[in-house]
Amino acid sequence: MHNLTIAELIKGLQKKEFSSVELTQHFLERIRQINDQFNAVITVTAVQALKAAALADEQLAQGKAHPMCGIPLLHKDIFCTSDVRTSCGSKMLDNFVPPYNATVVENFEQAGAVMLGKTNMDEFAMGSSNETSFYGPVKNPWATDSVPGGSSGGSAAAIAARLAPGATATDTGGSIRQPAALCGISGLKPTYGRVSRWGMIAFASSLDQAGPMARTAEDCAILLNCMASFDEKDSTSVEKDVPDYSASLRDSIKGLKIGIPKEYFSEGLHPGTKDAVRTALAQLESEGAELVDISLPNSSLSVPAYYVIAPAEASANLSRFDGVKYGYRCENPKDLQDLYCRTRSEGFGEEVQRRILIGTYCLSAGYYDAYYGKAQQVRQLIQQDFSEAFKSVDLIMGPTCPSPAFKFGAKGDDPVAMYLEDIYTIATNLAGLPGMSVPCGMVEGKPVGLQIIGNYFDESRILNAAHQFQQITDWHTQAPEGL
Amino acid sequence: MNWETVIGLEIHVQLATKTKIFSGASTSFGAEPNSQACAVDLAMPGTLPVLNKQAVHYAVMFGLAIDAEIEQESVFERKNYFYPDLPKGYQTTQLEKPVVGRGSVVIQLEDGTNKAIRIHHAHLEEDAGKSTHEGDLPHGVSGVDLNRAGTPLIEIVSEPDMRSAEEAVAFAKKLHSIVTSIGICDGEMSQGSMRFDVNVSVRPTGSSTLGTRTETKNLNSFKFMEEAIEREVERQIDLIEDGGTVIQETRLYNGDTKVAKSMRSKEEANDYRYFPCPDLLPVIVTDETIEELRRSLPELPDARVERFIHEYSLSAYDANILASDSTMSVFFESSTAHSDNPKLTANWMIGELTARLNNENLTFINSPVSAEQLAGLVARVADNSISNKMAKQVFDAIWQGEGSADEIIEIKGLKQVSDSGALEKIVNDVLEANPAMVEDFVNSDEGKRKKKLGGFMGQIMKASKGQANPQQVNQILLKKLNELL
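In the order they appear, the protein sequences are chains X and B.
Just so it is clear: in the first sequence, position 276 is 276 by the numbering used here, and no numbers are missing.
Add 483 to a position in the second sequence, counting from 1, and you land on the number used in the numbering used here.
Take the hints with a grain of salt, since some may be wrong.
Claimed, not checked - With the C-beta cut set under 7 angstroms, the calculated list includes, among others, these residues of chain B facing chain X:
1) L531
2) N563
3) P567
4) K571
5) G572
6) D762
7) L764
What the hints assert, rightly or not - For lysine-lysine, the following DSS-like pairs were computed, each having C-alpha atoms within a straight-line distance of at most 30 angstroms:
8) B:K580 x X:K233
9) B:K562 x X:K334
10) B:K536 x X:K325
11) B:K744 x X:K334
12) B:K898 x B:K908
13) X:K334 x B:K613
14) B:K875 x B:K945
15) X:K233 x B:K613
To be verified - Distance ranges between label pairs, derived from CB positions:
16) X:K374 x B:I730: 31 to 41 angstroms
17) B:N517 x X:Q337: 22 to 32 angstroms
18) B:E515 x X:Q337: 23 to 33 angstroms
19) X:V416 x B:N517: 43 to 53 angstroms
These aren't lab readings, by the way, just hints derived from the structure by calculation.
Here a beta-carbon is modelled for each residue, glycine too, at the ideal position from N, C-alpha and C.
Okay, chain B solo, but in the shape it has when bound (with noise of 0.2 angstroms):
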């Protein structure tokens, strides 16, 4: 039987704010546990909530962005449930009324195609804190983080539109941009400032029921998500291929062990009696905020493609790589302010770059060469001074910190020589001190001349210390050896 997947994404994205949805304790990451967190973070007795209105304004840039309906009057929840990351033991979040409506984000799948994914709300809510169970703790104990307790999310729920781990992942990687893109989000993956769950069911093709659902939750890469869905997928076709049912279940995926195992089912969910919570009003956002935030709102990744396609005569495939992350076309367009030359600095950020930022889990804003450096490298490229091959041994050098392309080409004598008189020189000097090599090449048929030219060359560049420009003395070498002929 074929078989046709079905995925639905709920996606929580920490909002960029300073401090935290109820309270003014900061939300940087990576403090001393517990050195973030206030009285009203620690829930203690008589503290009470106050909406950080910027979380709210950076809900409604979303919205916008997906051109989903915002709604003027949401309404936080308290959803009970005991656990000791969560202080308060309930969660304020949206659930009747959430800020953000309908709205939808258009991927683009593999076959050059678009696919619009419907978004069925985005809501607000605070981020919990975090326990640990090992660590320097002695056995036996567990410790609670409340750094992260109060961090404000918005939590975007997709429609099951998805079909395959392919088209989630394109869908996770378009918020990812989209949210990067307006600035409410730092897209720190590793940090969890974007963290996935991922809904999978699995259904005969051609059928328009839905099968039993899967969540596995807390997806912080997009690999893991892919590869959590692509087991997942497969476990249930075995399964139901093997005469079993899949159950509703919430499942966890180990990125590290490969391992995905059940952490309950529906029967053991919990009953979070919602309701309004008292402590805090309903949220109005006017519609004068809503247009000026409409005003204020960044150019969106597929507005940022077709200019850069335009604007800098890229092809659709790098604009496509270089517009949908913000931080890569921050990077890009200051860098080709510097170079005056997109295609080339595209090319070394998309290869060269993005390889070595990749390799030691940089990213573009602690990008050991910065933007200003590569266009100078770029720069020296495009007139010639240096051969790709130089350019690639410069590249290293600015990784290393050791000064600007130019400043490391002229103190480590990298500039290609072009001028011919000196490249005759060199030339004549390696022909007479290999007579029997040119000996070789004269007595050669016309077919096998053409090999033997590398091995002049090859003595050339090393006499040259690999500056002489190949183009010029290839012109040259072969002037020589055709007048010997």
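Next up, chain X with everything else stripped away, as it sits in the complex (with noise of 0.2 angstroms):
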């Protein structure tokens, strides 16, 4: 039961072969037995799961249930859940237990969807190795000596370990493509503003977003389907009617035409990388798809940009976690500023602590103006990169990230070796655009992604690319060894 896709799930559950019930047990006992060979999960909610998978039994027997109903899932431990702890990857948070739903949960449970617990993280999102964790490194199910990816890492290993079918992650620089990519599933990052941000605990507001990960790109669609809404909660929430994104999978992608910007196979490529996304390329123009060479002129400037804007944004956003309201607080603070000091030294780990101090000085009085002040100037012309390139393409295409999985502690002592990690991903937040990575390939038993990024809203032409490249090649099927 755990190779079948969602989309196979629901029929399956539609015809009765089995139940959501049987469903969420064969994937509870599956975690609770191999979860800890890769510390995807961090906290497994077997009763509430067998309860809402009975629920969503009954929907089922009733004939007029939501797709996902009854379908097992995973949340990032981002996404606060009611009464079940959210940690963000924390021992800041160790101890919270939210009395509210996340939008992106709240979707999901209306629809009669099953929770079976919260991934691992990086802490408070912020990592590309899913090393910063409070609860300890996730392993990646296909080398378990190497990274996931991150900061979704937790997410992206549960389903590569069919630990779930499906699950949620959230991707400020590349945390959700990245992971994708390592990890050798599909995963999606929507347009800024498709997917509400309430109850996401804040990394970056203005890069942040929701998005799904699964095997396929017709999962992701399925999942996205539940996901988007516009949300009154949620300010830069965009109200516009979310399209039935499994409608348009099976359109034909002759005359598509994908620009390749010649930035993304520059130096710091790895061959093999290199290689796997040529092929894949080439596979999608047997499909008559047409390739265009195009220029992004200023990617160079997206990785500086986004770790001055990034962290400013967190530098406020984690303010909060001040000992004084939930969470974390120190034994015995001798005074305000002790409790301030010792709370956040001790609750925060060292990547947290590294970029709120980063954000805090971009920020201060006589820096703003040449750190904040031009990160913002470059960010628009990041985006006025994209809208130019968009102009003569449907869709950019290129690798998700420069090399395949690496192993645990060898960008830990640099801190701009593991940024530059999101090099390929981190233009489209900061432009706000969608971009997915699905998987083109192995490199010394690793997978590879390639990340398809789209105009604003296009998510639908994304997936319906993602979509028709999966039904040529049979990447995304493959499991990792005795999985």
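Dock chain one against chain two, each of which comes alone in its own frame, and use the hints as you go.
The structure is reproduced here in structure tokens:
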């Protein structure tokens, strides 16, 4: 059952080949047996899950259930879940139990989907390897000595290990696409504003976007149908009808114009990754797509701009974790200053503290214009690069990340090397564009991801191309050995 | 040396919206601590602000009332600092692009001339919560009440155009009058609905450069503001004349102990690291909205003063007092509608009623004597049913909740006796009962007789239990006594 896609599980449930309770029990058992090998799931909600599954079975029996009804899922531990600990991968929130659901969680709950538990992640979504989690690193199911990517490494690894057929994730600079690539699964970061941020613990508010992870593009479409909504509680949510993302999956890609940015194939790209991506592009070309060489001239500025804007926003977003209202509080503070200093020094990990300090510095009097002001200008230039490109192409494709999964500790001492992991993904967050990663090859036994970037609210076209690619390839069906 | 005082004000005005500026929690005053703070106000993880449109409309209405530029696109920013009553660790406010731009407010000076005080801008922001360090809390424990956190404010920033404490108070009162008249603030100073920060500096008279200023924060009454300014001016002049220099600092003034002290100097000031709030979109106010709000704007205090002078034939002095205060003007108009006697109503309101309300810390909103009840009293005074002295008695009874003027007059038998037959009888009785007094009167010379009249009047009023119409008694008495001469 764990090798079935969500689309197949939906059919199975509707045809009563199995019940949601059986399905849920199966995945819970699988998590119980093998999660320890990967550390992908940090909270299992077995009791609630079985209750929800039983309810889903009743609704399925009545025959008017939502397609997602009875489908087991995992939520990244960045989404607030009512009465279930929501840690954001941090000691700071190790004891935090929200009294409310994130809108994303609520949407799935309303549809009758079954939450199996919460997935591990880099602390406050700050990381590209899942090594910054308070709960320990997640291991890549393809090579357990290697990282799964981050920050949504728990969700990606869980899907690769068949602990769940789908999961929610978030992407601020590549946190859906990079772990999806490294774990050989499919993951989509929608247009900024497409999915509500309410109840999703903020890292960098102007960049954060939730999206689905699953094994196939078709499943991502099904999940996005449920996730995407206009939400009055999120002022940056866009009031725009949600199309049926499944409807256009089967459209032909004949004549589709795919832009290939030369900047995405320059130095630093692993030759194996480069070959795999080139091969994938050639396969799409053989299906009738047209490859167009393009340039995104300001690409090299995206990482520096991102590492000003994201920490700046984070430095303010994380001020609320002060030991006063909820979460971690240091022992016996001697005064207010001591309460703040020790709570935040003890409660936050090193990477989070580093980014708070960077952000605080960038916003400080005398530095604002040179850093934050300049970064915002760069952001505009990057947006312009993309709008210029989308005048002549329908989609932009390239590698998701520079190389396959690296070993634990390989980049731990060098923050900048770690930051360069997101060199191809960050620009879409700065521009607010949708982007996806789908598996497109293997290098040294580890998966490689193809990145597909679309114009604003053009998720349907991305999913269509991804699905068509998966009709002519089988990378997405491959499983790590023994799983 | 002669010194000139330079004063600029920053005024925080709580907007009278039902809910908070970024959440659906109630803004009402006086609830149990933390009972009106929702997940957004508590800055729970993952929560997001949604702007209350009414707050924006109120800010725009203020802008229109002071003839200011309205920014069609204003931006919220985050002002970062740590404090336990600031749940997010930043205050959401406006800095670079405030909703209300330059405007001006005209105040009337004591000599009757007008002076325009320029407004630099007014911006929207959220209020913080309250920290408490005493009361029922155990020693060493501080409490935080977040009921107020997120209450919408406009902060009005004036130019340094005021030259004395009196001007500053006149300006503050004028703003109070404007915001309450257009209904965007309840004006309850004791509840913190309006709070003043005063920037004060001094310079030698004739100098064109500004002296170093200090800011005294969070004054919540006109009286405290006046005291704080006067003391600060004195302190600065003394300091300079003694060879010292004023340092730029933030100060606090305790109105109860009359003590001012330094809170922090410029060097200790926070770097607030403002940046645009990514959770909120720029606030767009369309021409249509501005025009709609302009049309819906209630009468402004200046226009109302003019109207009171013309419509009710009030003196400029009375009209100014009654029309400047929105609750007073509503009370006045409603009372006058019943009594149809504006002058007498104005006298009673400005005199007796205001004095009593002030004494008991009440306002025209919660006045024990209603506008209708005052009208009933005024009507009886106007038609001479009761004397002024009796009217005070009736007023007291109405204040105590004993009923309407007519009911009280009836029950207490306070009706003035104006029946000349009855009055003649009382006068005759008194004269007959006091032959010695009558003889004394007759034998006195003309000059002393007038004085002796008072003795008879006292006896007569006593005999009538105070109900005799004094003017009539006076006439009858004079006539009778003259007959005896």
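Worksheet entry | Hints the structure fails to honour | Nothing - there is no hint that the structure violates, so all of them hold.
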